[in-house]
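In order, the protein sequence lines correspond to chains A and B.
The numbering of the first sequence is the numbering used here, which starts it at 124 and goes up by one.
The numbering of the second sequence is the numbering used here, which starts it at 194 and goes up by one.
I should point out that these hints are in silico values taken from the structure, not numbers from a laboratory.
All figures in this text were calculated on a predicted structure; none of them were measured in a lab.
Hints should not be assumed to be uniformly reliable.
[Stated by the list, open to error] Pairwise CB distance ranges, derived in the manner of DEER restraints:
id, chain 1, residue 1, chain 2, residue 2, range
1, A, P130, B, D656, 19 to 27 Å
2, B, V620, A, P139, 29 to 37 Å
3, A, P130, B, Y650, 12 to 20 Å
4, A, A442, B, A658, 22 to 30 Å
C-beta atoms are modelled at their ideal positions from N, C-alpha and C, and glycine is treated no differently.
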Amino acid sequence: MTYLAKPKLHHPSLQPNKLGFTRRDYEGSISTLCAGCGHDSISAALIQACYQLDLPPHRIAKLSGIGCSSKTPTYFLGASHGFNSVHGRMPSVLTGANLANRDLIYLGVSGDGDSASIGLGQFAHLMRRGVNMLYIVENNGVYGLTKGQFSATSDRGSKSKKGVVNTDEAIDMVALALQLGATYVGRSFSGDKTQLVPLIEGALLHKGTAFIDCISPCVAFNNHAGSTKSFDYVREHNEAVNFLDVITPRAEITAEYAPGTVEEVVQHDGSVLRLRKLAGDYHVNDRLAAQRFLQEHQADGEIVTGLIYVDPDPEDLHAHIKTVPTPLQKLAERDLCPGSAALHKLNAGLR
Amino acid sequence: MQPITSTNDFVVKFANVNGSGSASANQLFAKSIIRMGVPVAPRNIFPSNIQGLPTWYEVRVSEAGWMGARAGVDLMVAMNPQTWTQDVASILPGGYLFYDSSKPMPKSKFRDDVNVIGVPLTEICNRTYTDPRQRQLFKNIIYVGALSALLDIEIGVLETLIGEQFKGKDKLIQPNIHALHLGRDYALANLTCPLGLKVRRSDRVGDRISIEGNAAAGLGAVYGGATVCAWYPITPSTSLAEAFTKYCQKFRVDPETGENKFAIVQAEDELASIGMVIGAAWNGSRAFTATSGPGISLMQEFLGLAYFAEVPAVIFDVQRTGPSTGMPTRSQQCDVMSCAYASHGDTKHVLLFPEDPHECFTMGAQAFDLADRLQTPIFVLLDLDIGMNERLCAPLQWDDSRQYDRGKIMTYEALEAGKDFGRYLDVDGDGIPYRTYPGTHPSRGAFFTRGSSKDRYAKYTEDAAAYRDNMDRLLVKFETAKELVPHPVEKKAKTATSVGAIYYGSTSPAMGEAAHLLGEDGIPVDLMRVRGFPFHDDVVAFIEAHDQVFVVEQNRDAQLRGLIINECGIDPAKLVPVLHYDGTPVTATAIAGQITARLRPSIQQRLKKEAVA
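Next comes chain A alone, as it looks inside the complex (with noise of 0.2 Å):
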């Protein structure tokens, strides 16, 4: 049950961060997700991302649609605002939000049935027009909370728990991401968290926006043989681009590399997103490139997954529309109205 807060009491040795915060002021409600659920992995590389990165829970909002993806934000960032809006809606409350309040961190979580079907629309939006957020898709090919039909992101021949084979062609939301104009594009698996942590790090630095398509099997309707959003299958076809560590502005750099195989790529924000390169000549500032590599490995029936691409110094919405840095929701009659006497001069003028 969803209001099922946490106990209060947490491990005196548990470590805070540097706003004096623990892991622990980073979680939420005890989730209602079944037992073993890709999404409760997800929620908690998000927890511990905003932990590393010190970031102050009552500074982000959380943003969410409808479905099983959509429930997460309950279960962690307990201090943070949520929203739940309406089936696929999300990203459109969310720009709303941006406009209103550009200091706020935002993140979107979202479904594959959330954005990739019913959202589309919303979806392809958002990313054209650059707001600064997270998006992030809990992708597990199927709908839970209806009992296991095919969403949108089903592989066209992945079998359903109950024997059926998908005809469809599936929507691949990284493809779409890429094109529409996303400014950090990363795929990555709620198994894999080492990958999965850094990849969220980077994207809520990113001063753009951020989307990351998040494998998570659904361990209900979705990891049997024949399915290929199965924790199994996603294993053996997983084809990592790039590892990658975030280093913070703030952060001391201690590790060292080979050369030839790390490339870093600094953010607007001074953060550097370092990359241990795992294939090859990759590159990746380079969006056609990108495109045109995901669509090869596609082929190949591979899952790539990493930081697929990235802008350091992207432009957002409010960059687009020259909005005051201060958020808009602050200002006051002195700011908004223009008052008596202007009026009188446009009443003189409608005569």
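Start from chain A and add chain B according to the hints.
Structure of chain B alone, referenced to chain A:
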């Protein structure tokens, strides 16, 4: 044939081709009469089309100040061969037909009971101009010049207006004035001027201004402190969002940095528009969308969320005829029900009904205070008739001491002081809880907003009692809204009467005139103009104080009447619908006719009884 003679009281209708540049010439004509101190109500009648289809511009000149539409045309300026037959047919007997006489027309095309005035407009243009576009544009100014002579409009006024119109593009002033004189001189030299119809200088306009309702509403949103506008283009609401944009660019750009104190997003559809509005308002901005009926249909799910999660939102609905695509460029008051009860489940929404651009401005600004105070969607219901036509109205006013009412906001200080915060907790009996803006306090005041049921502290619950507790509190809040929305305006007849009429929005000018006609005809009617929903207690009192109450509205299904019956528990037999729903603006005679038809039998019966006694 007796030609119509009338001074300062007639209807001129221009029949044009869409996209031919006639609009500004026609506006010049209307404005010149207003500048002579004579009230004018102009109306565009236009197709859903960019170029080529017929369009009309109707100018009602009324020294008495009647701003409603009037049936019948006194002077037809027939510039569109496509619609010639119907245009000629619409002229009142004894009226006037103004046409381009460059090419001879067979006698069968005219009427014997109409005065025909031919001006060879094309010939004059072809003689004077070589450029085809100039020939077209100046033709419009030439007919305005001819009309100025025929109707005795002061030429100086027209010249001044042209000077104002092309201020900054001074090169255009002289050619336009020249064209004006071409027409005027032709008429003076070749026609009997003036006609039986005449404009005579008066002082009946006063300090009134002319503005479209959409522009006034957009300006109201600027004054009301809206910072986020998310919208999707749809006739007839598009010009509202465009007006907001224009006024923001005028008033809300930081002069030093060039940065904007507003955010306007043209969304991908109406669902996204309302979603952005809800997101922005949840996050503490004043936000709105502008749309029309089809947009309201699309927004239903989100509107239920905003009602149930109690998020402020302002929706300007500029109504057009439905259902479906209906007639997108024609006017109706047909979204009353779909707005009042928008979305699935038990929902009720606050509605405001402006009567003219002046109220579009005031209510447009007020809607944001109401949305914040009541934490719920507020609908401002305009329609095409007031939204897209320039209407004479009282000048816009603003009190500089006015502060925005941001409603019940729990601040950092209150949270820090340990004040109990329950997002859905009614602490003072008005049904309105406190809210916090996201990011207010590091450890207190955060809550989860959701469309599913919750308890007073915003915790998810499926508990029956908690659900009902919340739904009942929403009713208390709706009761609170009754006093906060603009109160109805009552106007008593000169003599005591048991007959009343309720009306709202753009029906206002026609209703006022109808009551005048009825009064002259011995049928006094008390009037009540409803300005908001939920209905104020005065509405019920008005109905109780009269034996028979007509509910006058511009839709087929008597939507406001239904709403009154449903919400106020009124006996339907007491409320007589007076309806007009063909897409044209309602006229006084249509209203008075329906009311008379209903009342005459009883009056005759009463007279009979009295005679027997």
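Against the structure, the hints:
1. For P130 of chain A and D656 of chain B, the Cβ-Cβ distance of about 22 Å falls inside the hinted range of 19 to 27 Å, so the restraint holds.
2. Remark: the range hint 29 to 37 Å for V620 of chain B to P139 of chain A is upheld by a beta-carbon distance near 35 Å.
3. For P130 of chain A and Y650 of chain B, the Cβ-Cβ distance of about 18 Å falls inside the hinted range of 12 to 20 Å, so the restraint holds.
4. Range check, A442 of chain A to A658 of chain B: Cβ separation about 50 Å, and the 22 to 30 Å hint is violated.
The structure does not agree with numbered hint 4 stated previously, though it agrees with all others.
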